[in-house]
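Participant: As a plain string of letters, each chain reads:
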Amino acid sequence: MAALLDVASWALIVAGAGFMLTGGIGLLRLPDLFTRMHGASLIDSMGAGLLLSGFMLQEGFTLVSAKMVMILIFIFFTSPAATYALARAAMYAGIMPKTDADSVRRAEDAAASGREDRSSKTS
Amino acid sequence: MMFAAAAAAILVTMAMALARAVKGPNVYDRILAINSFGTLTVLLIPTFGFLSGRPEFMDLALVYALINFIGTIAVTKYSGYADMGHGDGRDDAGDI
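If you're matching them up, the sequences are chains A and B in order. Quick note on numbering: my numbering labels position 40 of the first sequence as 1425, and the sequence is numbered without any gaps. Quick note on numbering: my numbering labels position 96 of the second sequence as 127, and the sequence is numbered without any gaps.
Just chain A, with the same shape it has in the complex (with noise of 0.2 angstroms):
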């Protein structure tokens, strides 16, 4: 029983590691504020998540682990209140989601060469 609860936290706490290192990666390689938001509420979700319940698990039912319950539920509520302000303020302040103009643009052409074509066949 202790050597499956030793194996469960230990996945837990590779994986926490994992999802943190790939939103650090993110968050210093995507192109965009709002991107790098989301590699930034990866951190904040999955590695805060999965290394606390991995740690939850090598502890036990102690003060300590209520303890962890906490900041979990704490970090659960305000990551995403921190992340809507900071968006919020950053389009406020005139900074747009980086769009692929010239992709939008030749959606777009398609769309209406397709409309034009399916008219011309009916007609």
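Note that these hints are calculated values from the structure, not bench results. One or more hints might be untrue.
[Stated by the list, open to error] If you want a taste of the chain B side facing chain A, the calculated C-beta under 8 angstroms gives, among others:
1. A35
2. I41
3. M47
4. T72
5. S83
6. E87
7. V94
We treat Cβ as the ideally placed atom computed from N, Cα and C, and that holds for glycine.
With the hints as your guide, set chain B onto chain A.
Facilitator: Same frame as chain A, but now just chain B:
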């Protein structure tokens, strides 16, 4: 052993967040990176506690999470008024 690996992953991710905070083109990237750095500090405190065999620092992690959230909300709320009323400066808004 697993705790050392988790601490190493947290430290590497902290270095990445600091690199983004130094490199970030505007202030909102820096706020985002520092928010992530604070969350990683909250996670590093229990990890170091388990690594040293004395997991009694959870109060510090809890208080650090509170301070991190309040600081992020405060900086986000006042970053639009970075010019302190001097000039209309809409083009460099938030450029602290």
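Participant: Now tell me if each hint is right for this structure.
Facilitator: Against the structure, the hints:
no. : hint : verdict
1   : A35  : 11 angstroms, violated
2   : I41  : 7 angstroms, holds
3   : M47  : 4 angstroms, holds
4   : T72  : 11 angstroms, violated
5   : S83  : 13 angstroms, violated
6   : E87  : 7 angstroms, holds
7   : V94  : 10 angstroms, violated
When held up to the earlier numbered hints, the structure conflicts with 1, 4, 5, 7 and fits the remainder.
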